[in-house]
Amino acid sequence: MIIPVILSGGSGTRLWPLSRKLHPKQFIELVGSNTLFQEAILRLPEFVEEPIVVCNEEHRFLVAEQLRQVNKSASSIILEPIGKNTAPAIALAALKSIRDNKDAILLVLSADHLIQDIEKFHQAISVAKKQAKQDKLVVFGISPNKIETGYGYIKANTPQNENYYDVDEFVEKPNYNAAQRYVDSGNYFWNSGMFMFKASVYLDELDKYEPGILSACKKSYQTEYHDLDFTRLNKDEFLRCPSQSIDYAVMEKTKNAVMVGLDASWSDVGSWSALWDSQPKDDNNNLVSGDVILNEVSNSYIYSASNRLVSVVGVNNLVIVDTQDAILVIDKSQDQLVKSVVKKIQDSGRSEFEHHRKVFRPWGHYDSIDIEDSFQVKRILVNPKSR
Numbered sequence: 213m214i215i216p217v218i219l220s221g222g223s224g225t226r227l228w229p230l231s232r233k234l235h236p237k238q239f240i241e242l243v244g245s246n247t248l249f250q251e252a253i254l255r256l257p258e259f260v261e262e263p264i265v266v267c268n269e270e271h272r273f274l275v276a277e278q279l280r281q282v283n284k285s286a287s288s289i290i291l292e293p294i295g296k297n298t299a300p301a302i303a304l305a306a307l308k309s310i311r312d313n314k315d316a317i318l319l320v321l322s323a324d325h326l327i328q329d330i331e332k333f334h335q336a337i338s339v340a341k342k343q344a345k346q347d348k349l350v351v352f353g354i355s356p357n358k359i360e361t362g363y364g365y366i367k368a369n370t371p372q373n374e375n376y377y378d379v380d381e382f383v384e385k386p387n388y389n390a391a392q393r394y395v396d397s398g399n400y401f402w403n404s405g406m407f408m409f410k411a412s413v414y415l416d417e418l419d420k421y422e423p424g425i426l427s428a429c430k431k432s433y434q435t436e437y438h439d440l441d442f443t444r445l446n447k448d449e450f451l452r453c454p455s456q457s458i459d460y461a462v463m464e465k466t467k468n469a470v471m472v473g474l475d476a477s478w479s480d481v482g483s484w485s486a487l488w489d490s491q492p493k494d495d496n497n498n499l500v501s502g503d504v505i506l507n508e509v510s511n512s513y514i515y516s517a518s519n520r521l522v523s524v525v526g527v528n529n530l531v532i533v534d535t536q537d538a539i540l541v542i543d544k545s546q547d548q549l550v551k552s553v554v555k556k557i558q559d560s561g562r563s564e565f566e567h568h569r570k571v572f573r574p575w576g577h578y579d580s581i582d583i584e585d586s587f588q589v590k591r592i593l594v595n596p597k598s599r
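Just so you know, our numbering puts the end of the sequence shown at 599, numbered straight through with nothing missing.
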């Protein structure tokens, strides 16, 4: 039994102003007509069970509504009272899984990845399943096609049969020179942040290396209860849980890690330049979305999410993003700085870091058309059968 675990936390601040705290990138239609979260659900192979979704409490209605939109369901939607990184999130899903099947295998995926070759993705899952059955902890590694300082790396030993490798070491995000050495060596892969292992094996390794995380997760489950489609945990106990990634907590320490290569046109869509990189461009190497007119523009990404016409003339290598209440203009090579701009917006007490003009609710959404000191005008949309 393979149970997908869709990790749906994260704020996606590097894709501001489109991605915001209450409506982050995984729930936005960045590529095509579906959101990244919906695509993560839709590309699951037929031979797996219904997924477990782990998400922030403030995103719960987005998850439920977006599942409904694509006619899919989850076996459980676990609400984290507060984000504690990936190791606790996966532990929560593992604890849920072994209740139903002590031999359950977890396929841990992120809700905000882009994977274009679905067939190769499914093939890699089949290879990983064989290793997981042998009590290995599998990480999916991506062959690097460029020098990238925004990803962690995996140093792999000689490949074994069926495209799996023994892991030599995990390496944190390197500087440019180190990343160049890694790519040139041919022995390093990008760490995709996707994993596969038995739920019981993961919990055993977590207990061995970070018992405090496992203890806090177990205690937070002791008074769980169901609220509509959601599983709620003991908030006080979960607040005591250490915050660590699965890489720090388990994968860098375990003796049982293996890597399966994944060549499926993968991207974590972690920045505007990464999104620009992953999509086909026009003859001038521009990526355009929305009502946009260009003249003498090259190597740029222009995204209009408002109802306005956006005209751009005589520029190169820019990212321009227009929304109803905020505009971003930045050199594409400097797009890692977006996060610092969002921090400044937050520190100034403005709301644009947190939510859009359009705000989603369990029953639908509203759009704040006009706001003054003594009044607010909203356009309200109520979903069918909601109130």
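The hints are simulated quantities; they were obtained by calculation from the structure and are not laboratory data. Wrong hints could be hidden among the right ones.
[Unchecked claim] DEER-style ranges, computed between Cβ atoms:
(1) P492 - L254: 43 to 53 Å
(2) K465 - K385: 33 to 43 Å
(3) K590 - D419: 30 to 40 Å
[Claimed, not checked] Here are the computed lysine-lysine pairs in the DSS-like style, where the Cα-Cα straight-line distance is at most 30 Å:
(4) K332 - K385
(5) K314 - K430
(6) K233 - K467
(7) K431 - K467
(8) K544 - K590
(9) K556 - K233
(10) K556 - K314
(11) K367 - K555
(12) K314 - K385
(13) K467 - K493
(14) K332 - K314
(15) K447 - K570
(16) K431 - K447
(17) K570 - K555
(18) K556 - K332
(19) K358 - K284
(20) K420 - K467
(21) K493 - K420
Backbone N, C-alpha and C fix where the C-beta goes; we use that ideal spot for every residue, glycine too.
Evaluated hints:
no.: 1; hint: P492 - L254: 43 to 53 Å; verdict: violated, 21 Å
no.: 2; hint: K465 - K385: 33 to 43 Å; verdict: violated, 19 Å
no.: 3; hint: K590 - D419: 30 to 40 Å; verdict: violated, 50 Å
no.: 4; hint: K332 - K385; verdict: holds, 26 Å
no.: 5; hint: K314 - K430; verdict: holds, 16 Å
no.: 6; hint: K233 - K467; verdict: violated, 37 Å
no.: 7; hint: K431 - K467; verdict: holds, 28 Å
no.: 8; hint: K544 - K590; verdict: violated, 35 Å
no.: 9; hint: K556 - K233; verdict: holds, 14 Å
no.: 10; hint: K556 - K314; verdict: violated, 47 Å
no.: 11; hint: K367 - K555; verdict: violated, 34 Å
no.: 12; hint: K314 - K385; verdict: violated, 35 Å
no.: 13; hint: K467 - K493; verdict: violated, 44 Å
no.: 14; hint: K332 - K314; verdict: holds, 29 Å
no.: 15; hint: K447 - K570; verdict: holds, 29 Å
no.: 16; hint: K431 - K447; verdict: holds, 10 Å
no.: 17; hint: K570 - K555; verdict: holds, 21 Å
no.: 18; hint: K556 - K332; verdict: violated, 42 Å
no.: 19; hint: K358 - K284; verdict: violated, 36 Å
no.: 20; hint: K420 - K467; verdict: holds, 12 Å
no.: 21; hint: K493 - K420; verdict: violated, 48 Å
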